[in-house]
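Let the sequences and hints guide you as you build the complete structure.
Protein chains: 2
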Amino acid sequence: MKLITRDTDYALRAICFIAKNKGKIVSVSEIEQELKIPRPFLRKILQILNKKKILISYKGIGGGFTLVDSFKGITLIDLMRAFQGPLHINECLFKKAKCPNTKKCPIRKKIKNIEQYVLKELGSVTLYSLVAK
Amino acid sequence: MKLITRDTDYALRAICFIAKNKGKIVSVSEIEQELKIPRPFLRKILQILNKKKILISYKGIGGGFTLVDSFKGITLIDLMRAFQGPLHINECLFKKAKCPNTKKCPIRKKIKNIEQYVLKELGSVTLYSLVAK
DNA sequence: ACAAAATGATACTAATGTGGTATCATTTAA
DNA sequence: TTAAATGATACCACATTAGTATCATTTTGT
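Chains as they are written, first to last, in the numbering used here: chain V, 1 to 133; chain U, 1 to 133.
No lab work stands behind these hints: they were computed from the structure. Mixed in with the good hints, there may be bad ones.
For identical chains, the list gives no copy identity; a pair is met inside one copy or between any two copies.
DSBU-like, lysine-lysine: derived pairs with alpha carbons at most 30 Å apart [unchecked claim]:
1. Lys36 - Lys59
2. Lys36 - Lys24
3. Lys22 - Lys110
4. Lys2 - Lys112
5. Lys44 - Lys110
6. Lys120 - Lys59
Bear in mind the structure is a predicted one, so any value in this text is a computation, not a measurement.
Pasting the structure below:
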């Protein structure tokens, strides 16, 4: 059971590195060298971060990526959603049929509670807090 | 992100049904008819439940399954472990390398906390509590 | 003893998700 | 106008999950 997938993980590390170079435009090559992430995969990840407005990209010679201005408001869960889609702890438990012995399945409620807790926790971690010493 | 897989889900429903027929030996055919779970898959699931000592099986004509005597002590997490193995929310995040900007990665701690919470919650739900009206 | 009805064991197949690659198009600075 | 960067997109490989198929074993009734 994985809460965080590899692309999310890589994204986080890349962001940390970009944040370290405050203000500077950082290219794929630089990140690749530092973090040893396979280049094509890294490119894909950065492109997604750009689309999701977590990074800003600059094309052409001297191009690369910087943090978005609103970076301090972005949380771990935003990052996870970018790569892992909407986070439902369990999507379809008892969707088709209910346990015949219960009218309101108590397990569903429990799962919902757990889900909400997890989302709250993940949503409380800003990427900035991970970057700042 | 799935916390509970299909076999765990099916297992839970099957157990609910068996519990309803208190004491009676319930065959695969009966469960299949009631819950519309594909028979070979259901058989596999029930065999696992037997091996994990959550159900008792009886072979031969009139055979089938009943709940184990210690049923009241079995929790949702036991069921999940039977099908999904040991439950680690995240196994290897930052295993190979740490985010270069942090010495003790705060995210790792957060994940650990979430994991412990989830395990505690799931371990607090007895299957019996789901079955009992 | 034996046949039928049940589960046990095991190996295989199909579908999906994750991790990763390859290639061409587009933009931009020198 | 060319080289260096990212954008878009399609593809491939592997692992996990979901499900099937088949034969072996046990048990009960006749």
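Unmet hints by their number, sorted upward, for this structure: 6
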